[in-house]
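Enquirer: Those protein sequence lines, which keep their order, are chains A and B. Anchor point for the first sequence: position 27 equals 27 in the working numbering, and the numbering is continuous, going up by one each time. Anchor point for the second sequence: position 19 equals 19 in the working numbering, and the numbering is continuous, going up by one each time.
Just so you know, the hints here were simulated from the structure itself, not pulled from any lab data. Glycine residues also receive a C-beta, built at the ideal position from the N, C-alpha and C atoms. Do not rely on the hints blindly, as some may be mistaken.
Here are a few chain A residues that sit away from chain B, every Cβ distance over 12 Å (derived from the structure) [unchecked claim]: (1) Phe111; (2) Val116; (3) Ser164.
Between beta-carbon pairs, the in silico distance windows are [said to hold, decoys possible]: (4) Thr68(A) - Asn308(B): 43 to 53 Å; (5) Asp46(A) - Gln194(B): 36 to 46 Å; (6) Glu103(A) - Phe124(B): 18 to 28 Å; (7) Lys411(B) - Gly87(A): 56 to 66 Å; (8) Asp46(A) - Ser209(B): 56 to 66 Å; (9) Phe175(A) - Arg208(B): 50 to 60 Å; (10) Val114(A) - Phe205(B): 38 to 48 Å; (11) Ser410(B) - Val114(A): 47 to 57 Å; (12) Asp140(B) - Leu64(A): 55 to 65 Å; (13) Asp13(A) - Ser23(B): 19 to 29 Å; (14) Thr68(A) - Leu320(B): 22 to 32 Å.
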Amino acid sequence: MERDKNFILGVYDDEDVLLHAVSEVRTSGVKIHEVYTPYPVHGLEDVLGYKRSRLPIAAFLFGLLGTTLALTMQLYMMRFDWPMIIGGKDFAAIPDFIPVTFELTVLLAAFGMVGVFMISSDLKPWAQPRIFDLRSTDDKHIMAIDIANNTSMEVAKIQEILKSSGATEVNNKSFE
Amino acid sequence: MAHDVQHYNLDQKFDFTAATKKSVFTVLIIGAALLVIGIVMAMFGGHHEEAAEAGGHAFHWYERLYANLWINNVYFTGIAIIGVFFFAVQYAAQAGWSAPISRVMLSFGNWLPYAGILMIVTFFVANHDLFHWTHAYLFDTNSPEYDKIIDGKGSFFYWPMAKGTFPAFYILRMVLFFGFWVFFFTKFKKISAQEDQLGGTSHWFKMRSWSAYFIIFFAVSSSVSAWDWVMSIDTHWFSTLFGWYVFSSWFVSGLSAITLLVIFLKSKGYLEMVNENHVHDMGKFVFGFTIFWTYLWFSQFLLIYYANIPEESVYFIERLSSDIYGPYIFVNLIMNFFLPFLILMTRDAKRHGIFLKVVCTLIIAGHWVDFFLMVQPGTLGHNGGIGFMEIGMFLVYGSAVTFVVLTGLSKGNLIPKNHPMLEESYHHHI
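Using the sequences and the hints, build the whole thing.
Expert: Structural data, given as structure tokens:
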């Protein structure tokens, strides 16, 4: 079966029920594709077993790039390309370069982080968001399970697990 | 999430054991021994001739002792008042996470009465040897030493007395600041103790109001005390952000001291509700305010360097062009910015005691160097430096403060057991 096409959806009313349901479903061996909630649910990443984001590493590296870029740019301009005496200082007056270095570090760290985040979460202006259930933007928590990822288990069995974990509805959803 | 009922021992008291006392006294004795060696060396190995050649007044060994007293007075006063300030901030900000460690912060205030007495006594003993502006001849228009600039600033020290007599306004401010700081500290302690007895939320609201009053008072007094106690040493010179600069130095070293004490108490088995989430928050404060200090230090430096106005840049020329102080400028930046910034950058470093122990110790030593650089060049000039006397005096003060703080901490309940936000802090999760 093709991945990312056919899903079973568990619909939950209550975040406490949802949090318990996620652990139950996971311990019973079902792999969860994603959980959609109308608002951030505290502790959900933990029960889903998500690893910590590596975004800070990207931020640090982009920041480092900004620092290097800023210092080399200013040194090249002010010392080699077009030396100028400003305020009687050396051509390579490092303290003068620090504010610009700081700003470029912050700028590149921020832009780099946003860019990496958008790429890694597949966000692009022309991206068509897949809506599993419109009510996940209102008052329902939706647990999506990719059937193709759980071939070792029968669909009916998965539906049974979802029901017993407290789902108010269990639906199917297919994308073209 | 399911809220399991928590069973913590809320009646625990810190037991200042003989073993802990012994290690504090060992440090005290080592410090005292180094101090004595330093004094003896200064007495017999002095630089009398050099000073005389330089045309200044003869240098006496005790001036260095006074300068050391002053550095540590100002520095440890700062750590003590920051404990009270950070406590007040928790209430003013209605913070819940910090409830179990709030008494740890407050306990630093126990040093304040001693600090106040030491400060006033040192001022009267050292007087001319520390503060150039205390010389009466500076204000005498007939004197060849008459100084127009200091005369213009004279009223700030001497009002309402005649300039060059008794620094009434200066002493009044010193007494007023310490008086109010101690008043607020005892007030907080009293309300907190009452809360243990009576419970309810009324004490929390009362504390919040008093905290707000204290923060307003501290906003003014922290800046003015920095001008009085530190900036007035270089009497001609001024810097408009000096108050904030001193405050930030105090703040980051105070936060480090609080973090160290929390980690120490945890290692002794107290404060079991304080977990890595609370430690993480303290780590973030230390990390953040390290950068804040650097920002202020650099802002002061860059503007003076860039504008290059002689009466401003003299401050840095005195330090950077000196063989004694020049290297410490860089030591200061490495200890207080580069190392803490790089070590504490990751999340794990802020959550684990071992990194914080290293960084906080580094910062406490580093900011002492910062105050050393503020005080010694203006008082001792080329007769200063970091030697046995400096290290010894720092250890003596450090262990004395530790002793007073821990004794104060052992007197009451360690945890404010009726704090309305205690439950919230158990579930603190970041």
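Enquirer: Hint by hint, work out which the structure violates, then give me just those numbers in ascending order.
Expert: Checked against the structure, the hints that fail are numbers 4, 6, 8 and 13, while the rest are satisfied.
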